[in-house]
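Novice: Protein chains in written order, with my numbering: chain A, 1 to 276; chain B, 1001 to 1380; chain C, 2001 to 2286.
Since the hints were derived computationally from the structure, they do not count as laboratory data. Please note that the accuracy of each hint is not assured.
To be clear about the criterion: a stretch of chain B counts as covered by chain C if any three or more of its residues have a C-beta under 8 Å from a C-beta of chain C, and this derived list gives those stretches [said to hold, decoys possible]:
#1 1063 to 1076
#2 1126 to 1134
With the C-beta cut set under 10 Å, the calculated list includes, among others, these residues of chain B facing chain C [stated by the list, open to error]:
#3 Gly-1058
#4 Arg-1082
#5 Ile-1117
#6 His-1215
#7 Gln-1218
#8 Val-1348
Beta carbons: idealized from backbone N, C-alpha and C, even for Gly.
Read off the chains here:
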Amino acid sequence: MTLHEGGLWGLRVSALVLVVGFAIGPIAWQLITSFKTDAALVRLPPFWPEPWTTANYEAVVQEPSLLRVLMNTLIVAGCSTACSLVLGACAAFSLSVLRIRGAQWILAGVLAVSMFPPIATVSPLYLVVRFLGLRDSLLALILLDSTFALPLGIWVMANFFRNLPPEVYAAARVDGCSVSGAFVRVVLPLSAPGLFATAILVFIFAWNEFLLALTITVTTASRTVPVAIAMFPGLHEIPWGEIAAASIVMTTPIVVLVFFFQRRIIEGLTMGSVKG
Amino acid sequence: MAVVTLEGVTKVFGASGRRSAAVRALDAIGLTIDDGEFFSFVGPSGCGKSTALHLIAGLETADAGTIRFDGVRVNDLEPKDRDVSLVFQSYALYPHMSVRQNVGFPLKVRRVPRREIDTAVARVAASVGIESLLDRRPRALSGGQRQRVALARALVRRPRVFLMDEPLSNLDARLRLEMRTELKRIHQASPVTTVYVTHDQEEAMTMSDRIAVMHRGQLQQCGTPAEIYRTPANCFVASFMGSPPINFFKGGFLARLLLNDVEGVVFRGLAPDGLSVGLRPEDLSVRASSSPTAKGAATGAATTGPWIPGTLRFVEDTGRERWGDVDCGGQMIRARISGSVANGRTQVGQTVAVDIVSTENIQRFDASTERRLCDEPKVS
Amino acid sequence: MIAVRRRTQVAFVAPALILLSGVTVYPLLHVVWLSLRRRLLIFDIDRFVGLSNYRRLLGDDRFLSALANTAYFCGVSVALELVLGVSVALVLNRVRRARGVVMAIVLLPWAIPTVVSAKMWAWMFSADYGVLNYLLGRPVNWLGSPFWALNAAILMDVWKTTPFVVLLVMAALKEIPEDLYRAVRVDGAGRIGTFWYVTLPLVAPMLVIVAVFRTLDAVRVFDAVFVLTGGGPAGTTETLSVYAYELLFQTLQFGYGSTVALSVFLIALLLTGGYLLVLRRLPSRL
Ligand SMILES: Nc1ncnc2c1ncn2[C@@H]1O[C@H](COP(=O)(O)OP(=O)(O)OP(=O)(O)O)[C@@H](O)[C@H]1O
Ligand SMILES: [Mg+2]
């Protein structure tokens, strides 16, 4: 068995290397590209940048719109997260702890809504936003993103609440809390890990959202990261080096989130998909 | 069918783990299970019984030692190549298969023709009484029903070795007796080597040709049920086998006993120091006594043997028998409350005498090593 | 359970539901209404045309090609993702050391904005300077040839969304009791038998769920194709969502564009129904 197992072990390690390589390869290449000079971009080999240059980063950072775009995305993602977390937690509380009648149907409906293709709703939304004069404003984006993230939030949190011991809510009520008192003082603190997982997922969703942002934003005043990258200004040729540098800068927050909260993200994703 | 030999078999869990202390689940176990023998492992929870079965089945690899089937080393063989069947302690039924598919599965994997599978499943289902459950899924069964399905899945084949990990633990008392008889019948009809794990010592005693008693991963004693019961190798075996458990006397109490009348008859020639004496409850009998200190004065039935005075503290009535806990000057002694005294006359708090009915089964152990003293002088 | 007045219960769900229906249900109804009209804002045309937009769909070659592209994209990418997802999950399941880091790395493609990954891949796919052709050692016109362009989009989508499949499959694997693997080995199965008789059937219900999620995502695919190929070359990679976007926001045909957008919704609805039927037939989990 030992020899046999040794062969299998080798196979497993090479499979693992392959998987990790496939996952990180494109990102690594983007990183390498971001350090190449324009001249080096159109030469391959060499594989590695020679010479190394930070010119791309300097160009990107000097661009005044970069900070604007990052701030926009941060505001949109942050506010959307807060918004859908509050609304989602309340709804999930009513659906799972208070056991509102027809909870099954509401949850099914919420799931169905999350399956809507955004393209099917984006044009009326565009018309409404234009009508309200909210075009090119962050407020519109926050409103839409937080709503589109709601189904995810409701599902994850409803499942999380359902896994709490049912006595805690009852005990809080017996001890004299009102419904909302029990919610705020007992249920929410107990579900902090679930709320956190949901928050990260919604944040990533809002950070990455493209179609709505593309239709609603016009100028850099409200442009978010995905739109900025998609519309990266190029006069004659596509400035791959600068795009690479900009992508690296603008996705660093997400990468950091993933590395720090990998376990929470996984927990949230599985909880949103597996019915409790 | 096969002779199963374990030679110095050792299994350590968590050896390569970080800080967690390694568990020696099996410590240099050596024993031989004969061809066609019904062999039982008994021992307290966590002593390594399941681990032993898993090693024989090939589900775990031994860290040291050799496992042989018919003299051939099988350490490196996959479970499927060892040709064993195993009843799992957790049943391990396939949740996505019906009972019929579960039971027929070992045959299906071995590419037995469909028709043979059907007859084999029908036969074994009848034998464990699950005919009416064949089209259900495990999820829709009670614990005892699941256990019988697990048993059927093992019995459906005729392997070289049957391995059964507490296969009757979840059945009601009557069903358990029936299944015991059924297993014995199957075994007698075609004696396949069977290694059986149970925590029910009565089951082990009645079913097995030989028993291995385990404790903390170590083999304590291996022998026929009678050997294990009559000549336990150490205090652990003596106390583990037998219900209610054996009484031990040592130290000051034993010394006082030796000073008494009891002395000359029973413990002649033994120094109380370093000695531990075991007396089984069934060899002791509680009898009502009028005076607590009467020395050798038998009041009730004419018993002339040695006896110990005490106070009855607790009575346990199993329906068939009554057992009493007697406080004999600080030492609690468990003894049978025998027929004539049993009819309501013994009461808790009453002064009683404990008779030593039989002196044949007195066990002597070295108090420090807890080993059996072999070169004991023959008792009168 | 302590009785709570219905009004309180409703008060807790109402805000979320109102917002949801405002932003999804209302627009959907609006789209249905739009799809029954001929509406060209630039020419100031806006009139009711009944089902004629739907009739137009059937004769619209560009729509049919977008439909075919979407179906191809959907089928191939979801199949690949499921197969890869299960394989990768089996590999990662054995990882003990540095598990957190490995999982984080595997998650990265999923977390990075689709637009960013599309740009990344577009650069790698570049026919002249792309690292893929360099590694392959031969020039493939990835984004320029009709055959490769759609497959390139699929490759990118597989890279980006397999992590999601992996996670869910790993969650399902965790639920399989160790003793089942042992039982199947004692019963005589080898590694392949173990996979076939235990692992796969027990992961199957989860695979159906994942397939539902992934298919519905793939049917409405937009950013991946829009940024990577823009629908080109010559419309050969145009999916339904991209086509609808073009109609709505570039040629401003709100009526017909809505019809195309609605077709995406109807297809998604049909697929969900189909999957639910399959799911009901599968033996439920332990
Ligand atoms: N996979 C494992 N990893 C670590 N320790 C283990 C593992 N399996 C068993 N052990 C340890 O090995 C020892 C023996 O376990 P085993 O399951 O053989 O006991 P057992 O005699 O079958 O007990 P029981 O009667 O409760 O079934 C125990 O201390 C247990 O904690
Ligand atoms: Mg056990």
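Novice: The segment 1126 to 1134 of chain B covered by chain C? Criterion: 3 or more residues, Cβ-Cβ distance below 8 Å.
Specialist: violated (count 0)
Novice: Can the hint on His-1215/B be confirmed by a CB-to-CB distance to chain C that is less than 10 Å?
Specialist: violated (25 Å)
Novice: Mind checking the CB of Val-1348/B against every CB in chain C and telling me if the closest is under 10 Å?
Specialist: Val-1348/B check fails; min Cβ-Cβ to chain C is 47 Å, beyond 10 Å.
Novice: Quick check on the hint: Arg-1082/B CB to chain C CB, less than 10 Å?
Specialist: Constraint on Arg-1082/B satisfied, holds at 8 Å.
Novice: Could you check if Gln-1218/B really has its C-beta closer than 10 Å to a C-beta on chain C?
Specialist: violated (25 Å)
Novice: Holds or violated: is the Cβ of Gly-1058/B closer than 10 Å to a Cβ in chain C?
Specialist: Result: holds, 8 Å to nearest chain C Cβ.
Novice: Any CB of chain C closer than 10 Å to the CB of Ile-1117/B?
Specialist: Interface hint status for Ile-1117/B: violated (13 Å vs cutoff 10 Å).
Novice: Using C-beta distances, would you say chain C covers the segment 1063 to 1076 of chain B, given that this needs three or more residues below 8 Å?
Specialist: violated (count 0)
Checked against the numbered hints above, the structure violates hints 1, 2, 5, 6, 7, 8; every other hint is satisfied.
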